[in-house]
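Residue numbers (this note's numbering), protein chains in the order written: chain G, 103 to 528; chain P, 507 to 610.
The set of hints was computed from the structure by calculation and includes no laboratory data. Note that the Cβ used here is the ideal one computed from N, Cα and C, for glycine as well. Honestly, I wouldn't trust all of these hints.
Covered stretches of chain G (chain P as the covering partner; in silico rule of three or more C-beta atoms under 8 Å from a C-beta of chain P) [said to hold, decoys possible]:
hint	stretch
1	162-172
2	197-208
Ranges between beta-carbon positions, derived for each pair [claimed, not checked]:
hint	chain 1	residue 1	chain 2	residue 2	range
3	P	Gly545	G	Thr188	19 to 27 Å
4	G	Phe175	P	Asn537	19 to 27 Å
5	G	Pro287	P	Met590	37 to 45 Å
6	P	Glu534	G	Phe175	16 to 24 Å
Below are the chains, spelled out letter by letter.
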Amino acid sequence: MKRKYLFNHNYFLDEERFLELLENYSQKGYKLKKAGFYFLRFEKSDTPTYYQIDYNHLTKEYMEIIEEMGYTFIDNYGKIYIFETTNPNAIPLQSDEEAKKLVLLDTYKISTIIILLLCAFLWYAIFKNDYIFRNLLLSPGEFYLNYLAYIFKPVSILLPLQFILEAISQALSRYFIKKDNPKHPILNKFNKIYKIMLSILCIMTFLVSIAFLTTLTSFKPLFYLVALSVIYELLRHLALRYVPRIATKEKRFFTQAIILIIYFMVALPLMDQLNHEPKNIMPNDFETYYTYDSNSYKYEKNIFLNATYISDQDTFEHIYHCRNEHIAIEVLENLIQKDERMWRLRHHEFELDFSFATIIGLNSQPFKEFEDILPLLEKIDFKDLDDCYWYDENIYMRKDCQILCASLKELDQAQITGLYNFYFQN
Amino acid sequence: MARREFETLTPQMFYILLVLQEPMHGYEIMNAVSILTDGEIQIGAGTLYTLLPRFETEGYIRLVKEEAKRKIYQITFIGQKKLMVEKERMTKQLQCLEKLYPEL
Chain G
103 MKRKYLFNHN YFLDEERFLE LLENYSQKGY KLKKAGFYFL RFEKSDTPTY YQIDYNHLTK
163 EYMEIIEEMG YTFIDNYGKI YIFETTNPNA IPLQSDEEAK KLVLLDTYKI STIIILLLCA
223 FLWYAIFKND YIFRNLLLSP GEFYLNYLAY IFKPVSILLP LQFILEAISQ ALSRYFIKKD
283 NPKHPILNKF NKIYKIMLSI LCIMTFLVSI AFLTTLTSFK PLFYLVALSV IYELLRHLAL
343 RYVPRIATKE KRFFTQAIIL IIYFMVALPL MDQLNHEPKN IMPNDFETYY TYDSNSYKYE
403 KNIFLNATYI SDQDTFEHIY HCRNEHIAIE VLENLIQKDE RMWRLRHHEF ELDFSFATII
463 GLNSQPFKEF EDILPLLEKI DFKDLDDCYW YDENIYMRKD CQILCASLKE LDQAQITGLY
523 NFYFQN
Chain P
507 MARREFETLT PQMFYILLVL QEPMHGYEIM NAVSILTDGE IQIGAGTLYT LLPRFETEGY
567 IRLVKEEAKR KIYQITFIGQ KKLMVEKERM TKQLQCLEKL YPEL
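All chains, full assembly: derive it from the sequences and hints.
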């Protein structure tokens with residue numbers, strides 16, 4: 103069967119133009135088979151076909167009546183339903199302008215506009231927190247090393263923009279329908295810009311996804327980010343195409359609500375994960391610092407944890423209260439990695455590799471990976487602790503969000519139990 | 507919430523309410539209007555399905571029963587009142603017309 107594809111230039115937004123185009127193709131001997139956001143698919147057919155667009159929910163009863171009137175359902179895109187008929191005298195589906203205005207106003211709902219703006223805000227919040235965008239003022243050398251960061255940067259603007267543009271498009275459509283002027287040139291111009299912007303966004307997202315694959319292992323936050331975009335695009339696609347075409351209004355509403363809830367359920371926890379670079383988590387500057395004779399006390403508080411350091415000449419105890427368990431695990435691994443590196447330096451071993459300290463690769467190069475250190479660690483089983491490792495002169499204990507890291511010379515079972523009782527039993 | 511969607515009825519809205527003096531389902535309404543007006547006014551399925559739920563919300567019509575997935579509606583007292591208001595409006599228009607152009 104001969105097929106023909108046509109790039110969809112905004113046809114859904116201008117009904118008259120769309121119907122005109124379809125009828126032109128019908129005269130050329132092509133019949134519409136599928137209507138997507140980017141492409142329209144035509145197939146060869148010799149019978150002249152006439153088309154109609156409707157915006158009503160396609161219930162079973164409605165479908166029956168439409169079929170009795172001689173129309174056949176072809177495809178829908180979101181709330182725009184396309185029907186065909188071979189009868190040139192069939193009654194148009196929307197025969198009353200007032201009624202059409204009512205259904206159009208229902209299509210461009212205020213609640214949709216609000217949801218779109220909320221999505222835009224959510225994305226903005228996600229990107230605003232990402233550490234890489236707070237550290238973008240780099241030297242030229244650092245720029246070269248971190249060029250990937252600059253590829254990701256546009257996404258932070260483009261993704262919220264996508265939602266904002268969609269919201270504006272919906273709001274403008276609603277405004278001009280209310281003013282009885284849905285073909286206003288401003289709306290048409292805006293919709294053209296909107297479509298171009300969306301195409302650019304899609305290409306950008308695609309490029310970013312490819313760029314991301316190259317840093318898959320060393321750059322965790324972006325893994326979640328791209329995963330999130332892919333999930334969002336998928337859900338969006340599913341919502342537009344596969345939300346039951348023939349269903350009651352309530353069923354449709356629930357399906358859409360569930361899709362939105364899934365999206366937010368996936369998106370919100372990932373916001374936490376986005377800040378998971380140890381460089382960002384680990385304390386750098388201490389808020390308070392006291393020294394009494396040979397003993398010192400430091401206190402650090404940032405958005406990820408509260409850390410207290412108590413040390414004397416021979417021993418030290420670090421206590422970290424982390425915001426959540428994910429961060430606690432990251433901090434624990436980072437602490438062990440750091441100590442392992444210090445141990446190697448103390449014993450006059452060479453650095454593992456020559457490396458630049460980059461934002462993206464900071465935690466990996468000069469340090470051994472945590473998995474490499476694991477065999478060196480002695481795991482101690484405490485029934486209430488999630489993790490307990492013994493390494494060299496250091497002991498690391500973790501329970502939920504709390505970590506204790508202590509260094510004691512001649513560490514013995516009594517001292518370990520003492521530490522455990524002091525920090526985790528009370 | 508008074509949304510004032512139907513301040514004045516368009517001819518199609520008027521005829522839908524008019525034929526619903528008898529309980530009818532969607533397809534019957536379309537046929538009845540067509541017969542009543544000698545085919546001059548034909549109601550599209552889209553228009554009918556936009557208007558019926560809204561008329562129901564406004565209280566002009568009510569769902570009588572559902573037969574084999576077909577919803578059967580009938581006009582209510584509020585709907586009849588609305589028709590009376592329309593009648594008065596149209597009578598007034600007709601009187602004005604006769605007053606100014608009695609020869610028409």
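Within 8 Å of chain P's CB atoms, at least three CB atoms from the stretch 162-172 of chain G: coverage verdict:
holds (count 8)
Please check whether Phe175 of chain G and Asn537 of chain P have a Cβ separation lying inside 19 to 27 Å.
Holds, at about 22 Å.
Establish whether the coverage given for the stretch 197-208 of chain G by chain P is satisfied; the threshold is a Cβ-Cβ distance below 8 Å, and no fewer than three residues must meet it.
holds (count 8)
Regarding Glu534 of chain P and Phe175 of chain G, is the given constraint of 16 to 24 Å on their beta-carbon distance met?
Taking Cβ atoms as reference, Glu534 of chain P and Phe175 of chain G lie about 22 Å apart, which means the hint holds.
Would you say the C-beta atoms of Gly545 of chain P and Thr188 of chain G sit inside 19 to 27 Å of each other?
Check passed, 21 Å falls within 19 to 27 Å.
Status of the given 37 to 45 Å range, CB of Met590 of chain P versus CB of Pro287 of chain G:
About 43 Å separates the Cβ atoms of Pro287 of chain G and Met590 of chain P, which means 37 to 45 Å holds.
Hint compliance for this structure: no hint is broken.
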